[in-house]
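Protein chains in written order, with the numbering used here: chain A, 1 to 333; chain B, 1 to 311.
These aren't lab readings, by the way, just hints derived from the structure by calculation.
Incorrect hints may appear among the rest.
Pairwise CB distance ranges, derived in the manner of DEER restraints [what the hints assert, rightly or not]:
(1) B/A291 <-> A/E106: 53 to 59 Å
(2) A/G318 <-> B/D209: 16 to 22 Å
(3) B/G290 <-> A/E106: 41 to 47 Å
(4) B/A291 <-> A/G284: 45 to 51 Å
(5) B/G38 <-> A/A294: 44 to 50 Å
(6) B/P113 <-> A/S95: 43 to 49 Å
(7) B/G290 <-> A/E39: 39 to 45 Å
(8) B/D209 <-> A/D35: 51 to 57 Å
(9) B/Q260 <-> A/E308: 53 to 59 Å
(10) B/T190 <-> A/A23: 48 to 54 Å
(11) A/E248 <-> B/D117: 55 to 61 Å
All residues carry an ideal CB built from backbone N, CA and C; glycine is no exception.
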Amino acid sequence: MSAVADAELEPELEAELEARFEATVRRKDRIEPRDWMPEAYRKTLVRQVAQHAHSEIIGMQPEGAWIGRAPSLRRKAILLAKVQDEAGHGLYLYSATETLGVSRQELTEMLIGGRQKYSSIFNYPTLSYADMGTIGWLVDGAAICNQVPLCRTSFGPYGRAMIRICKEESFHQRQGYELLTTMMRGTDEQRAMVQESVNRFWWPSLMMFGPPDDASTNTAQSMAWGIKTHTNDELRQRFVDMTVPQAEVLGVTLPDPELAWNEERGSYDFGQPDWDEFWRVVKGDGPCNAQRVAHRKRAWDEGAWVREAALAFASRAGSAGLEDDVSDGTEAT
Amino acid sequence: MPDVRTHEPDDHDNAYAGLLVNDVHWAFGTDFEDPLAGVDATVPDGVEPAALATYCLMLGDDALVMSQRIAEWCSNAPDLEEDIALSNIALDLLGQARLLLARAAAADGAQVPALPDGSPVPDEDRLAYFRDVAQFRNVRLAEVPNGDFAQTVTRILLFSTWRLALFEELSRSRDAVLAAVAAKGVKELTYHRDFAGRWFLTLARGTADSRRRLLAGLDELWPLWAELFETHDVERAASGAGVGVDPAGLTADVDAVLDQVLAASGVDRPDHGPLGGAHGRRGRDGHHTGALGSLLEEMQVVARAHPRGQW
Ligand SMILES: [Fe+2]
Ligand SMILES: [Fe+2]
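The following block holds chain B by itself, in its conformation from the complex (with noise of 0.2 Å):
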């Protein structure tokens, strides 16, 4: 926000003023130019690019489907200031994409779609946009369509308090991508985690009806949540390299935390169990729900009508 009290408005009495220059203002543009500008992007010794780069992708999916999810809450939100903090939790998010699918294609440019010669859609466009389905590698809980304002904060607190430890451990990789990315993501998952606990809290003991909407929030997404634990072969492997977290040792400290909120707010823990996958295959598989499809069919409509579209 500018500051009033040092503000001209004789600065703005040409509302054209500047249109064409760059100046530090501007809240958009620059550091958005090269995801990866300034970050060494050398791939650590002992480490296979390829492994690396589905492991950016896993972690990005996650990030890029969320964000879209979230984002579908912009002007629809019970008031405006829940309208802008969820935003604010979708762009998070998306940055946190944009640097991790830029780092997927640094790293391992083969997993990259071809598009026509000449094309100038940058590389972690064509890895969001270029891929299908069964390319994408985000857990499900990311994808399953929103529900209530209930449903979506109880999708955000599992989602950040998980991604939350898992971007503590992260920021220790020996990928200093990985390590740069998820310490700018700890504090914004900080606040993601704090936005959804409140809110979870405020639900559960705000009215009978929030109360019950939660419940069913919570009881909807809770087969979801298990597998966000499960070690996927790529995982271990990022690992073991030290360059990625495996999620199963993360249940002890995501459980803490888990049911610190949930005793606050007087719920107790679904005994349901997990969400089956086919043949064992999950959301890490490429394995997905249906609403995954149609997601990705609306994200990616305008970008794939221009494969040598300019944005």
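Here chain A stands alone, though its shape is the one from the complex (with noise of 0.2 Å):
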């Protein structure tokens, strides 16, 4: 791993390795795994990409909750297959963690205690079956916009992953916004339950981009080290200028009164979401965050003795032939 390798380096060639590494960044050009990066590159990496992860992980319980109860066999296969891409998508991101030296195992554990955070949305619940469609339009939407410019972020197997999730996300989101419009040309029972989910989604929703930016304590050091490419408030505006007109066309109201066009900036104003609710949720007091957790460590414990019955049958199979790849990386460039 690079940073035992730091430890050993002549001054001057960690000086070479440090301006051949912000050269690539500044061409644009991708760090692979086995490339020499500053230490805190790599942590701050792992933090990032092990947070999306996990965040896709814990993502797939508030709609997994509505696999049973899915009102038509048509909308129980979408979201089915919905939540399955969802588990995919985190099984790419681990798989990009692991490429930087941290296992499934390690991460899931630093999430299960508590020691890794997830994206504050998943805190909220799911009360209705509209809102299979709303989080499929504004939670699936945001995160899209959040993720298309990291097809483009420094480090290649995370762009890489993000390219493949984000063709998904865009499925689904899809498959979300025409469960919206189907509702609304449904009963008035139903146009109710597509307006009433949107408000509760939609200030939640402006929150996944995270605080605003006079608040964004990671941001410019992200942004040097090309892991992120725009700031969080130029990512909201984007979120909110695409959806307005979504709304219109869907036919409910988002529950701002402050929004509105603005002709001079050429893109909509809009009212500011309750920072302090987002800052409890992040720190655990959401209304569904020890939910959430408990749910994950418990299928975890569940799942322990099979993983191990796995490992013990492999193990078995394996001295008879099939050997492990074993390398690990530690030739230093």
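Given two chains presented individually in distinct reference frames, assemble the corresponding complex, making use of the accompanying hints.
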């Protein structure tokens, strides 16, 4: 691992490696797992990619809770396929962190031990079937806004995972919007369900872009490293500008009295989410934080005997031939 | 999965591009609009439409109820790979159920529950969501509650070994729809049986704990096994008319496969007998365990709250 090599490097060599790293980032080329990288860059990436992976996996729960109750066979298939995709996204992203030397098991233990976070949006409950549509439209929609620029992020495995994921997220977003348009053509009760759901999810969706730029401590460094390419507020504005016309087509009202077109800026003005609520949820006091982590912990703990059995079986079968890939990246560049 | 090498990241700069248009990449909708599109749905000569419909309900309900149970694993599996695999199996069975219920409705509309005038609920959903417990025709193996992962693996092994043999024969049905559903299902069920067979072996030969759990799962489900081979009058008639399969005729083939898995795993066949029915009535007659009622209660709750709803 690069961290091990760092300590022993000559200062001139280290300066040269650092210059080469920075030049790569400036050219917008990719940093690959075997390239030298500053330790702080590696740590930031592990934190960000792990948090992203955890979000995919925890994000299975609010929608997974409605698979059993999906009101048509077609919707049941769509929802099940969507939640299954999120598990796949988690897998890609855990694989990307493994190239940085942290295993899926370690990361899962950090998640269920409360030492790593996931997107705060998943700490809100799902209360009606309309939420399946709203989550697709707004939550997957906000995720796409956040993630499209990450397709060009400086770390290769992360950027490539994002390309695959973004494609599927756009399916997710479309199925959500399509459910809502279908419900809006249905009964009065269904239309009311859609509006009520949008009312609940609008502000938490805006919070998905993170705190305002002046309160975001990590943004500047992440942008210098090419991990992030846009600020939180830029992405939030982009999301609002794209969403407002969609809401009009759908026939729902976004619950923000300050929302208005600003001719001069060519953008919508909008109100601020309740940032106190945001910080409470981030710190663990949202409506579903405890439940989400407990669910993940229960599934992980209850699966322990299965994973042990698979290892025991494989090691017996493995002693008959197959050898593990033992390359662990010890060579320093 | 999209191919990374041919993908242009700039395609996605606008998150909403294509939100309102249809394209071939739309993974979910396209072949779901009319489940029987393009297949000849005429009832073959000499076949009683009502019997054909009931026969389709039997096979459709098996898949629907089994799918509902397996989908309960979503976000609860031992690891992500198994979560994804179990969702795949549930999705395949759900697809089979949808086609079979649509076939039942097309063959005999009289079996489709009536809803208020103007209700847009399609026939296959009326059958899934607006029938009561006693109208469900599935075998009871499909409905009993989930236990641990070992019990689920065992249930999928038993179910898919039997259903695969059944579908291989059904793919030669005189009914074009059943033949097509079965031909597609054979590929799916081969994968399900393979998944379950490999896990059965792994758990049997993994740790002492996994082996103990596996044997307990097999013991629990074994009383439901014999029912799969009992011929109902409707199955006998369907088989006689060349559209369906008499399950009694599958016993030898299915036993041979199952015995192979058991032998490789060093597991003996349990020796206790089949679970009884009331007055000889079993799942195919609409006689169920208490578990089906609660399963349907959950499955049907939203649909029944909105009989005029559009989804
Ligand atoms: Fe995702
Ligand atoms: Fe998604």
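Here is how each hint holds up against the structure:
1. B/A291 <-> A/E106: 53 to 59 Å: violated, 39 Å
2. A/G318 <-> B/D209: 16 to 22 Å: holds, 20 Å
3. B/G290 <-> A/E106: 41 to 47 Å: Since B/G290 and A/E106 have Cβ atoms about 43 Å apart, the given range 41 to 47 Å holds.
4. B/A291 <-> A/G284: 45 to 51 Å: Taking Cβ atoms as reference, B/A291 and A/G284 lie about 37 Å apart, which means the hint is violated.
5. B/G38 <-> A/A294: 44 to 50 Å: Hint holds: Cβ distance 47 Å, inside 44 to 50 Å.
6. B/P113 <-> A/S95: 43 to 49 Å: holds, 47 Å
7. B/G290 <-> A/E39: 39 to 45 Å: violated, 59 Å
8. B/D209 <-> A/D35: 51 to 57 Å: violated, 44 Å
9. B/Q260 <-> A/E308: 53 to 59 Å: violated, 26 Å
10. B/T190 <-> A/A23: 48 to 54 Å: holds, 53 Å
11. A/E248 <-> B/D117: 55 to 61 Å: violated, 33 Å
In this structure, the hints that do not hold are numbers 1, 4, 7, 8, 9 and 11, in rising order.
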